[in-house]
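**Student:** So the chains spell out like this:
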Amino acid sequence: DQQVKQNSPSLSVQEGRISILNCDYTNSMFDYFLWYKKYPAEGPTFLISISSIKDKNEDGRFTVFLNKSAKHLSLHIVPSQPGDSAVYFCAARDAGNTGKLIFGQGTTLQVKP
Amino acid sequence: DTGVSQNPRHKITKRGQNVTFRCDPISEHNRLYWYRQTLGQGPEFLTYFQNEAQLEKSRLLSDRFSAERPKGSFSTLEIQRTEQGDSAMYLCASSTWTSATNEKLFFGSGTQLSVL
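If you're matching them up, the sequences are chains A and B in order.
Each residue of the first sequence is one higher than the one before, counting from 1 in the numbering used here.
Each residue of the second sequence is one higher than the one before, counting from 1001 in the numbering used here.
One or more of the hints may lead you astray.
Claimed, not checked - List time: in silico DSBU-like cross-link candidates among lysine-lysine, alpha-carbon distance up to 30 Å:
(1) B:1011 with A:54
(2) A:100 with B:1011
(3) A:54 with B:1104
(4) B:1011 with A:37
(5) A:68 with A:5
(6) A:5 with B:1071
(7) A:56 with B:1011
(8) B:1057 with A:71
(9) B:1104 with A:37
(10) A:56 with B:1071
Note that these hints are calculated values from the structure, not bench results.
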């Protein structure tokens, strides 16, 4: 049972445009959500997070939106840059279990110059 | 702050052999996690420690897998009698956990295991 789903395996956008990566979850007990970015041959690196008490968090070019009623979150990158090309994972934490994150399958973003 | 260090970066072994991986977390991080990632999937939780105590193990972790963090610093993950299905990237992460803050995991570059 995949509790965190990223239904788009890949996304391609033009440099300077907006990238929107989506993530759906099924467990209403999730209280904290994170996005990680992964380059080949490297471990995931933390990008941005949001608590379930908020619906938006912004950090520079990156904004995460949370829609709890729809159990959906999205990551917006604007403007997109070629260096943003990577695999993006969303992850969620169960409020009843602070010890681990549940990851989605990842979305590969390609930003074309 | 040198980041999370994992050794070796790559390991090729024959089926049935034992392998051991090491993880050195960011100093003073009290939590250490092991995850496994296969191609096309996200990282999958295996186990985690708070200081030297192992607080949770995934039910996916068979008896052939064991992890230790003897002094609350570095950790080792051992896989006994490896199987081809154990081939994956094994990721270690560490964090500073307090009851007052949401923790962020910092990942190492992983150990890529290939079982022939």
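**Student:** Work down the list of hints and note, for each, if the structure agrees.
**Tutor:** For each hint, the structure was consulted:
In summary, the hint linking residue 1011 of chain B to residue 54 of chain A is not supported, as the alpha carbons are separated by about 43 Å, beyond the 30 Å threshold. Simply put, residue 100 of chain A and residue 1011 of chain B have alpha-carbon atoms about 26 Å apart, close enough for the 30 Å limit, and the pair holds. For the hint linking residue 54 of chain A to residue 1104 of chain B, the alpha-carbon distance of about 17 Å falls within 30 Å, and the restraint holds. Among the hinted pairs, residue 1011 of chain B with residue 37 of chain A is consistent with the structure: their alpha-carbon atoms are about 24 Å apart, no more than 30 Å.
Distance check on the hinted pair: residue 68 of chain A and residue 5 of chain A sit about 15 Å apart at the alpha-carbon level, within 30 Å; holds. For the proposed pair residue 5 of chain A and residue 1071 of chain B, the alpha carbon gap of about 37 Å is over 30 Å, so the pair is violated. The hinted pair formed by residue 56 of chain A and residue 1011 of chain B fails the criterion: a straight-line CA distance of about 42 Å is larger than 30 Å. With a CA separation close to 27 Å, the supplied pair residue 1057 of chain B and residue 71 of chain A stays within the 30 Å bound.
For a cut-off of 30 Å, the pair hint linking residue 1104 of chain B to residue 37 of chain A stands: about 13 Å separates their Cα positions. For the proposed pair residue 56 of chain A and residue 1071 of chain B, the alpha carbon gap of about 40 Å is over 30 Å, so the pair is violated.
Of the numbered hints given earlier, the model fails hints 1, 6, 7, 10; all others are met.
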